[in-house]
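Undergrad: Input sequences plus hints: build the corresponding full structure.
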Amino acid sequence: MTDSVTSFPVEQGGQGSPASQEPVLRFQNVSIAFDGPPVLEDVSFSVAPDETRILLGPAGVGKSVLLKLANGLLRPDAGSIHLFGEEISRVRERDLFNLRTRTGFVFQEGALFDSLTVRDNVAYQLIQERVLDDEIDTRVREALRFVGLEETFRFFPSALSGGMRRRVAIARALIHNPDLLLYDSPTGGLDPITSTTIIELIVKQRDVYRTPSMLVTHRLQDAFTMCTHHFDSNEGRMVPLPDNQIDQKTTFLMLDEGHLIFDGSLHDLVNSENNFVREFLE
Amino acid sequence: MALGKIEATAKGIVLTVQDYSLFAYRGAVNLFRPPIYWTDFLVQADIIGVGSTSIVLLAGFFTGCVLALQSAATLAQFGATAVTGRFVSASMIRELGPVLTGIMVSGRNASSMASELGSMVVTEQIDAMRALGVDPMRKLVTPRIYSCVTMLFFLTIVANFFGILGGGAVTVFMNHQNGTQYFHMAYQYIRFPDIMQGLVKPLFSGFIIASIGCFYGLRTTGGTQGVGRSTIQAVVVSSVLIIFVDFLLTQVMLTIFGS
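Line by line, the protein sequences are chains E and X.
As numbered in my numbering, residues 211 to 492 make up the first sequence, in order.
As numbered in my numbering, residues 4 to 262 make up the second sequence, in order.
It should be emphasised that the hints constitute simulated quantities derived from the structure, not laboratory data.
Fair warning: there could be bad hints in the mix.
[Stated by the list, open to error] Some residues of chain X that are not near chain E, with every Cβ distance over 10 Å (derived): (1) Leu72; (2) Ser94; (3) Gly226.
[As the list claims (entries may be wrong)] Examples of chain E residues lying across from chain X (beta carbon under 7 Å, computed): (4) Phe294; (5) Thr311; (6) Ala321; (7) Tyr334; (8) Gln335; (9) Gln338; (10) Phe434.
[Said to hold, decoys possible] Covered by chain X, according to a simulated footprint, are these stretches of chain E (three or more residues, beta-carbon under 8 Å): (11) 261-271; (12) 300-309.
Beta carbons: idealized from backbone N, C-alpha and C, even for Gly.
TA: So, in structure tokens, the structure goes:
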């Protein structure tokens, strides 16, 4: 699945991106360090259209850094990152803004603007683009309906629970119909029921709109749920795939100490011989 | 070891000055390239200008009062209490009005800018803004800089006016002197260079307040404690810079216009 050879041994699974399809996101030998040892070292992988990639790894291993690199919020020290076919690691900040509008980013704690209402948060991009108020209201209500929070239209983020804020953040990421979704630990710190609600939304987005996405998490149950369930539009809820099937378009990456140590499907993951992977799964 | 620390500190200072210079330049030139967020200019003008009016007005008034009290006592020794008005107006317009207004607005707005933007940094709101395709420099910094420059100009005029008024109140009601004489002297001896000095300084102070406040706010690291640290740095650095730049400008103005 990785397009280039890396110096660090990455366990490759059997699933691969179709060769004919240009990946929406491609990391090639990416490294980054802050004041200390490298946070990410020689990381290479890609995200194909229609694909959902789940990035696993323990806390503090560089998962959020990787996600921020993906849309240019951080710059790598070495390697290249292609987003929608454009090399972004050496592009000027002001040239990145248009490209970023094609991505949707859901931050770890939601990162809602606390001085704006839910309506203005969700409509942030549309307001900057000077879309008419009536159209904004319609699209915001539609996005909020998607996440089941239409009643919070006029609320401020401080009036929302942690789970509701994440759902509003998802609505904000979706309103512009992005070509790539980046979820940074969307269920981190939430109770199991709320986590399932969030995962159901992500699965709904995946199965209804088929937007390629990348999801960072350290919660295995969320990752497995995404693989083993799909969104049933008739029932209006997430249901298990029949006959123990797994979603073939949902694949895994795993980071350990800044290195990408696994890249493959759920089947490859559970059968991995890598000690760290096995330990993580147990 | 000690030399190493000195070297690291010196490098840190040079790096900060370089970062600030680039930051201030970008903040300033953004006005000439779209997109320009005019609504944010008005919002900031309201927060900085209208919001600071009361403290600037009171500070100006009481400074004028103190000036009249102190000067009258001294001038009385030379039998020159008649020039109290001239003394108060010249002091307020040339020096105290611009500097005091700058310091007051710095305490109020450099701190609020640093803490507001710092909180946005630590809660990832700045990253969220960038991820949504909006440049925080254009959206947050440029409107604050130009609003602060504009509003500080007018706030200084307000401070000067109320300072002279305060001096007049003390002259008439406490020193029991002639009010007409006070205001006549206050007006009669004000020259164009005095006005120039008084109105050029707030343009620089306004720029310093907003650019320093935003600079330290956006450099915040270390959570809520970091926000507090940024706020302190913003107020301290902007206040010191205002006085330092005031000194430089006074020297330049005196060289150009004479005393």
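Undergrad: Taking each numbered hint in turn, which are not upheld by the structure, reported in ascending numerical order?
TA: The structure conflicts with hints 4, 10, 11, although it agrees with all the remaining ones.
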